[in-house]
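> In short: position in the sequence shown from 1, add 5, done, that's my numbering.
Hints are not guaranteed to be accurate.
[Said to hold, decoys possible] DSSO-like, lysine-lysine: derived pairs with alpha carbons at most 30 Å apart:
(1) K267 <-> K30
(2) K206 <-> K306
(3) K276 <-> K33
(4) K30 <-> K276
(5) K256 <-> K267
(6) K130 <-> K117
(7) K206 <-> K117
(8) K117 <-> K143
(9) K160 <-> K143
(10) K172 <-> K143
(11) K143 <-> K130
(12) K206 <-> K19
(13) K276 <-> K34
[What the hints assert, rightly or not] Now the in silico label distances, taken between C-beta atoms and shown as ranges:
(14) K30 <-> L309: 32 to 42 Å
(15) Q148 <-> G177: 36 to 46 Å
(16) L309 <-> W51: 47 to 57 Å
(17) Q148 <-> R274: 46 to 56 Å
(18) E307 <-> R274: 37 to 47 Å
(19) S151 <-> T79: 52 to 62 Å
(20) E279 <-> E62: 25 to 35 Å
(21) S151 <-> G50: 37 to 47 Å
(22) P321 <-> E118: 48 to 58 Å
(23) K206 <-> R182: 31 to 41 Å
(24) E125 <-> P80: 56 to 66 Å
(25) N218 <-> Q250: 32 to 42 Å
(26) R248 <-> Q211: 38 to 48 Å
(27) R248 <-> P35: 22 to 32 Å
Rather than coming from a laboratory, the hints here were simulated on the basis of the structure. Please read all numbers here as calculations on a predicted model, not as lab measurements. For every residue, glycine included, the Cβ atom is placed at its ideal position computed from N, Cα and C.
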Amino acid sequence: MKENDIWKQDANEKWLADRVQQLDKELKKPGVPVWVQDVSGIMPGWGFEIHCKRWVEGLDAVLYSLRDGCCYRTPFGRYGDNTAASLNRMEELARAVQSYLDANAPTTILEKEIHATLGEPTNEKRQACQCFVEIVRKYVEEQAPSDSFNAVGEKWRKQAEANPLLKLVFTGEGLDRGLCDGGGYWAENRLLTVLRIIGGKQTDTQDLRGSCNYQLRHVFRDDRERMQITKGYLLGIAAYLNRDQIDDLRKDFPDLSGYSIKAYTCLSRSKLDEDNKRLIAEKLFVTTKFWYIRALIFAVKEELQAGDTLLPEITP
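Using the sequences and the hints given, assemble the complete structure.
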């Protein structure tokens with residue numbers, strides 16, 4: 006299969022976005038089954054992005070839709086998809102910080118780690134920690150922006166000028182607005198960064214930024230599986246469109262073959278007619294590749310590994 010380094014090819018973000026528009030026009034023409042048009046509407050795009058918590062599960066829903074000949078609509082991979090595991094982790098962090106505020110002896114591994122991170126208490130630290138607990142717990146309760154959540158954030162923002170640590174907590178979007186970024190796969194890591202800054206263990210505030218682009222900074226370091234699965238799916242979709250064989254995937258990309266064969270098989274088993282299948286498969290390829298490239302653009306380059314920037318191409 007032909008691969009190109011994305012930094013050297015012309016098929017950049019703009020080209021991919023333009024190609025999506027062309028494919029959308031084709032998929033809206035008479036003769037395209039309604040369920041295929043519905044599947045076209047749940048493809049990756051704004052709101053279904055690679056930094057969302059269940060991005061891979063969202064891609065799976067699209068692949069299974071194509072395989073089974075229907076449209077499986079799910080919240081997976083979309084803004085506002087708060088997983089139970091993520092919310093529970095946030096609650097655990099808030100509880101560990103509260104135990105620090107209460108001067109309780111740590112009893113869990115997490116509490117020991119958080120107490121060590123925060124260090125000796127000071128008035129400034131205590132105030133910043135109280136802010137942390139209130140905002141995180143209110144977010145767990147609301148799970149989305151709300152008047153009551155915003156009120157808690159604004160209450161603490163007003164006190165930030167008098168406390169240098171609180172001022173750091175509200176760097177960029179700030180703790181409150183950063184949590185409300187609808188993607189948020191990296192939210193728990195960012196909360197740990199907040200605590201390291203409060204404890205004086207970290208001075209760089211760049212990783213406090215909560216917007217989608219900043220969440221992608223460390224994705225290749227912190228969640229390589231997400232990126233490997235995404236690339237594997239791209240390889241499988243491209244192999245189908247290029248009329249390659251499964252054995253080619255096993256031979257050329259052995260480390261990603263399980264991922265790529267899954268995508269390949271979902272497409273090959275679809276009973277959709279060939280012309281429409283190729284159109285919808287190409288849209289899935291292009292929209293997924295768009296987000297993989299976006300992750301590359303914003304990632305810390307020193308954290309990339311060999312092959313991360315090599316992506317498959319499809320031939321006409």
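> Where does the structure disagree with the numbered hints, that is, which hint numbers, in rising order?
Going through the list in order, the structure violates hints 12, 15, 16, 17, 19, 21, 23, 24 and respects the others.
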